[in-house]
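Novice: These are the residues of each chain, in order.
There are 2 protein chains.
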Amino acid sequence: MDEPTTHNPQTAGQIDEVLQKIEKTRQARRHKFYLRDEKITLSHGSGGKSSHNLIEGVFAPAFSNPLLDAMDDSATFNIVGTNPRLAFTTDTYVVSPLFFPGGDIGRLAVHGTINDLVTSGAQPLYLSAGFILEEGFPIADLRKIVGSMAESAKEAGVFVVTGDTKVVQRGKADGVFINTAGVGLAHPTWQPGQNRLQAGDKVLLSGPIGDHGIAIMLAREALEIETEVQSDTAPLHTLVAALFAAVGDSIHCLKDPTRGGVATTLNEMALSSDVAIALDEHAIPVHSEVRGACEILGLDPLTIANEGKMLVIVSGEKADEALAAMRKHPLGRETAIIGSVQSSPEGMVFLRTDIGGMRVLDMLVGDPLPRIC
Amino acid sequence: MDEPTTHNPQTAGQIDEVLQKIEKTRQARRHKFYLRDEKITLSHGSGGKSSHNLIEGVFAPAFSNPLLDAMDDSATFNIVGTNPRLAFTTDTYVVSPLFFPGGDIGRLAVHGTINDLVTSGAQPLYLSAGFILEEGFPIADLRKIVGSMAESAKEAGVFVVTGDTKVVQRGKADGVFINTAGVGLAHPTWQPGQNRLQAGDKVLLSGPIGDHGIAIMLAREALEIETEVQSDTAPLHTLVAALFAAVGDSIHCLKDPTRGGVATTLNEMALSSDVAIALDEHAIPVHSEVRGACEILGLDPLTIANEGKMLVIVSGEKADEALAAMRKHPLGRETAIIGSVQSSPEGMVFLRTDIGGMRVLDMLVGDPLPRIC
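Protein chains in written order, with the numbering used here: chain A, 1 to 373; chain B, 1 to 373.
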């Protein structure tokens with residue numbers, strides 16, 4: 001870490017000073033995504049800063065093309081002529097443990113890829129499923145996982161239409177890894193994207209954060225913390241459909257804050273759109289059990305993964321309508337307006353803390369919770 | 001194994017007897033794809049009989065829908081109205097070693113998915129790439145693999161438009177695993193498929209078999225066999241385009257004989273179309289180095305994986321034109337007509353051997369070469 005991440009200034013002068021520091025940092029960040037490492041570390045899979053370094057240092061330059069370079073969760077394109085527009089996405093799931101409170105790797109693999117299509121404004125249609133199985137894996141467990149996938153797909157009205165299975169020797173994988181790619185029908189004209197944020201937009205969050213990450217963490221560590229925390233894994237296509245019905249293309253960006261959490265996801269948007277995002281800490285919903293577990297474990301809920309929440313960036317004048325529409329939906333009852341978009345300092349996210357201070361909210365650095373999804 | 005696989009009858013009476021046995025076996029096979037195993041074994045990843053048992057016992061019933069049930073290499077569907085038809089496929093690559101004579105996991109991951117689209121008569125357009133990386137994997141190796149993928153994609157005119165990277169702890173994977181899913185533009189009317197074989201069709205094979213499997217085997221085992229065998233990994237879209245230009249929808253089925261080899265692939269077709277396939281052993285091209293290595297290793301070239309060959313089933317009257325068209329293409333110079341389709345015994349593949357006998361050619365049983373692709 002070569003930049004400050006926490007400040008608690010109390011006066012206007014101090015705030016100015018912070019803003020100057022921020023501006024300096026921002027300049028530095030522009031050229032920051034390069035890869036110093038010689039070997040893969042767990043933090044390259046965190047979804048945070050190291051992941052970005054890996055993507056920008058290896059994948060993006062090799063594969064560069066206009067569709068990939070947008071770096072949204074799905075690529076959208078026209079196949080022939082101008083319509084239909086399609087969305088295409090992929091995600092691999094390596095979560096450990098495979099079964100956890102509120103779900104399993106199968107539900108996650110279906111919901112995650114549905115949500116990646118939804119964030120592009122697409123209607124999810126078809127999924128592929130690629131399995132890597134470890135020799136010795138119990139077929140009864142595989143049946144449970146596949147059953148979960150089938151059930152989740154049915155609930156969401158999508159179909160698994162093509163698949164593949166590979167097996168590797170004992171000790172060369174960890175039970176089962178699943179890749180799901182997805183194809184969806186994109187909206188003919190509306191195209192939300194992380195480069196579409198504008199000053200004056202509001203930031204909505206569909207409910208309390210950190211449930212998935214903490215549920216996994218507690219399942220994994222068998223800590224003696226007694227909680228009822230369950231993964232929030234859920235498909236968000238009907239929530240977004242209800243939202244779109246209410247405010248249409250006033251929705252500028254949708255993103256599910258999975259790996260890296262709300263902090264990382266908003267940083268990606270701010271960088272991509274060259275804007276600043278200011279959050280109000282007190283407005284961000286967090287279940288008390290999650291907050292408690294985070295305090296004990298030394299984690300920030302803003303960097304913890306969610307699997308059934310949506311961040312929505314909507315134009316300021318439509319924010320209240322969007323809020324009302326989301327709150328009417330079972331998966332959005334606790335939706336809150338948590339912040340707003342401003343023109344500068346470009347590429348930065350900051351948090352007005354409960355105690356009246358301000359701190360820069362950076363992407364996740366390191367990986368406190370490897371294999372969260 | 002509960003059925004005979006080899007016969008060397010010399011008289012008409014003996015052949016009749018064999019045909020009766022075949023008929024009995026065929027009846028038994030109809031109900032044979034069930035899963036007795038409690039744990040995953042390497043042979044569930046062979047692409048052969050155990051893989052089919054796993055697919056029919058776990059995946060197919062859970063996910064059943066008309067697109068999946070066709071069990072072709074890609075699913076094809078219309079997104080809106082009647083056009084365009086799309087093809088969608090997925091494949092995961094776990095080959096070991098990652099680098100081998102003639103290619104690496106990156107080239108394989110691009111070529112394999114292109115070829116799965118091509119077998120559906122589709123023009124490959126877009127790929128996704130999902131990586132599972134093991135902690136400690138050298139980034140220099142990752143750069144080489146990603147460079148190979150980018151080069152292969154460019155050569156074939158396809159684009160990697162979306163991706164994902166996960167990292168697992170040391171000892172929980174084996175260097176790198178790659179999933180590529182692919183989207184292609186299917187032909188509006190022509191739809192080759194493994195259920196479309198008809199009596200009188202001819203079986204064409206685009207060149208010598210077994211190169212990929214043997215190259216991997218020799219690279220892996222570091223046997224003291226000195227050969228020049230290289231993987232045949234190649235994208236076959238231009239070969240198929242040339243073939244289609246010559247004979248159009250007289251092409252009833254295309255399939256690249258990867259895992260399980262020519263024997264398994266043709267068995268799948270025979271079962272799906274309720275026909276028999278008769279092969280002439282002497283007509284099947286095999287490089288002498290591959291034949292020699294197979295003899296030493298006790299392997300049958302007909303069950304060894306290929307990554308740049310195509311099996312083409314074409315109506316009898318167009319077979320010579322198809323042969324000529326394929327031979328004109330650099331990747332089809334050694335194309336041969338290796339057999340024909342007949343109406344019975346349904347679901348069976350047999351081989352007229354060089355010594356004048358006949359043997360039932362079954363799917364691959366067990367897995368002599370795990371992690372071949």
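Please keep in mind that the hints were generated in silico from the structure rather than gathered at the bench. We put the CB at the ideal spot given by N, CA and C, even for glycine. Some clues are possibly wrong.
[Unchecked claim] Computed far set for chain A versus chain B, every beta-carbon distance over 10 Å:
1. P84
2. T92
3. A181
4. H187
5. L299
6. E334
7. I337
8. S343
9. R352
[Unchecked claim] Taking lysine-lysine and the DSSO-like style, the derived pairs with C-alpha atoms no more than 30 Å apart in a straight line are:
10. B:K154 - B:K144
11. B:K39 - A:K154
12. A:K328 - A:K318
13. A:K154 - A:K144
14. A:K39 - B:K39
15. B:K328 - B:K154
16. B:K144 - A:K39
17. B:K318 - B:K328
18. A:K328 - A:K154
19. A:K144 - B:K39
Novice: For each hint, tell me whether it holds in the structure or not.
Specialist: Now for the hints, and whether the structure bears them out:
1. Non-interface status of A:P84 relative to chain B is broken: a Cβ of that chain comes within 10 Å, the nearest being about 5 Å off.
2. With a least beta-carbon separation of about 4 Å from chain B, A:T92 fails to lie farther than 10 Å from that chain, contradicting its non-interface assignment.
3. A beta-carbon of chain B is positioned within 10 Å of the beta-carbon of A:A181; the least distance is around 3 Å.
4. Under the 10 Å C-beta cut-off, the non-interface status given to A:H187 relative to chain B holds; the minimum distance is some 13 Å.
5. Distance check for A:L299 against chain B: the nearest CB is about 19 Å away, which clears 10 Å, and the non-interface claim stands.
6. The beta carbon of A:E334 sits about 29 Å from the closest Cβ of chain B, which is more than 10 Å, so the claim that it is off the interface holds.
7. At roughly 30 Å, the least C-beta separation between A:I337 and chain B is larger than 10 Å, which holds for a residue marked as non-interface.
8. The Cβ of A:S343 lies farther than 10 Å from every Cβ of chain B, with a closest approach of about 30 Å, so its non-interface assignment holds.
9. Here A:R352 stays apart from chain B, with its beta-carbon at least about 33 Å from theirs, past the 10 Å limit.
10. Pair hint B:K154 plus B:K144 holds up; C-alpha atoms about 15 Å apart against a cutoff of 30 Å.
11. In summary, the hint linking B:K39 to A:K154 is supported, as the alpha carbons are separated by about 27 Å, within the 30 Å threshold.
12. For the suggested pair A:K328 and A:K318, the alpha carbons sit about 16 Å apart, so the restraint of at most 30 Å is met.
13. A distance of roughly 15 Å separates the Cα atoms of A:K154 and A:K144; the hinted pair therefore holds under the 30 Å criterion.
14. Of the pairs offered as hints, the one joining A:K39 and B:K39 is violated, with about 34 Å between alpha carbons and a cut-off of 30 Å exceeded.
15. For the proposed pair B:K328 and B:K154, the alpha carbon gap of about 23 Å is at most 30 Å, so the pair holds.
16. This hinted pair checks out: B:K144 and A:K39 have alpha carbons roughly 14 Å apart, not beyond 30 Å.
17. Proximity of B:K318 to B:K328 is assessed by CA-CA distance (about 16 Å); at most 30 Å being required, the pair is judged to hold.
18. With a C-alpha separation of about 23 Å, the suggested pair A:K328 and A:K154 falls inside the 30 Å cut-off, and the hint holds.
19. About 14 Å separates the Cα atoms of A:K144 and B:K39, which keeps this hinted pair within 30 Å; it holds.
Taken one by one, the earlier hints fail for this structure at numbers 1, 2, 3 and 14, listed in ascending order.
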